[in-house]
Amino acid sequence: VSTVKYAYSIGTQIQGSLWTRDEDYIGIAFGQNFPSNEYARGGNYDNTESHLEIYYSLKLNPHFTLSPDFQVIWNPNGAGSGSNSKTVKVLGLRAQVDF
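Note that the numbering used here has the sequence shown beginning at 1, numbered continuously upward.
Since the hints were made in silico from the structure, they are not lab data.
The C-beta atom is built at its ideal place from N, Cα and C for all residues, glycine as well.
Some clues are possibly wrong.
Mimicking DMTMM-like on lysine to aspartate or glutamate, the simulated pairs with C-alpha atoms at most 20 Å apart in a straight line are [stated by the list, open to error]:
| no. | residue 1 | residue 2 |
| --- | --- | --- |
| 1 | Lys59 | Glu23 |
| 2 | Lys89 | Asp69 |
| 3 | Lys86 | Asp46 |
| 4 | Lys5 | Asp46 |
| 5 | Lys59 | Asp98 |
| 6 | Lys5 | Glu38 |
| 7 | Lys86 | Glu53 |
| 8 | Lys89 | Glu53 |
| 9 | Lys59 | Asp24 |
| 10 | Lys59 | Asp69 |
| 11 | Lys59 | Asp22 |
What follows is a set of in silico ranges between Cβ atoms, one per label pair, in the way DEER data are often shown [said to hold, decoys possible]:
| no. | residue 1 | residue 2 | range |
| --- | --- | --- | --- |
| 12 | Val88 | Asn37 | 21 to 31 Å |
| 13 | Ser2 | Asn84 | 16 to 26 Å |
| 14 | Phe70 | Trp19 | 18 to 28 Å |
Please construct the entire structure, taking both the sequences and the accompanying hints into account.
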């Protein structure tokens with residue numbers, strides 16, 4: 001049984017040349033997962049899960065980039081407001097080393 005009937009996500013990235021940081025980027029994305037009827041009939045949660053992500057890619061030198069990232073997930077795993085599941089917030093940091 002598939003847990004997802006359908007899903008979508010959309011996002012964009014803007015280059016830092018708008019603020020004189022040609023090799024930096026800022027990005028944002030949003031998406032939703034809609035549970036399948038079979039999954040919900042099996043006693044599972046049937047609410048739509050939504051997620052938002054925002055990041056900044058900071059090129060510190062030709063070989064090193066840091067990217068702080070923030071994500072929010074509403075109704076994780078399709079659990080609605082009547083469940084014990086809370087909105088999830090995740091803060092991350094990615095480091096990239098290029099040789």
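Do the hints match the structure? See the list:
1. Lys59 with Glu23: holds, 6 Å
2. Lys89 with Asp69: holds, 11 Å
3. Lys86 with Asp46: Judged against 20 Å, a Cα distance of about 15 Å means the pair holds.
4. Lys5 with Asp46: Holds, at roughly 11 Å.
5. Lys59 with Asp98: Cα-Cα ~11 Å, so holds.
6. Lys5 with Glu38: holds, 9 Å
7. Lys86 with Glu53: holds, 17 Å
8. Lys89 with Glu53: holds, 10 Å
9. Lys59 with Asp24: Satisfied, since the Cα-Cα distance of roughly 6 Å is no more than 20 Å.
10. Lys59 with Asp69: holds, 14 Å
11. Lys59 with Asp22: holds, 9 Å
12. Val88 with Asn37: 21 to 31 Å: Holds: the Cβ-Cβ distance is about 25 Å, inside 21 to 31 Å.
13. Ser2 with Asn84: 16 to 26 Å: holds, 25 Å
14. Phe70 with Trp19: 18 to 28 Å: The hinted range 18 to 28 Å holds for Phe70 and Trp19, with Cβ atoms some 19 Å apart.
Checked against the numbered hints listed earlier, the structure breaks none of them; every hint is satisfied.
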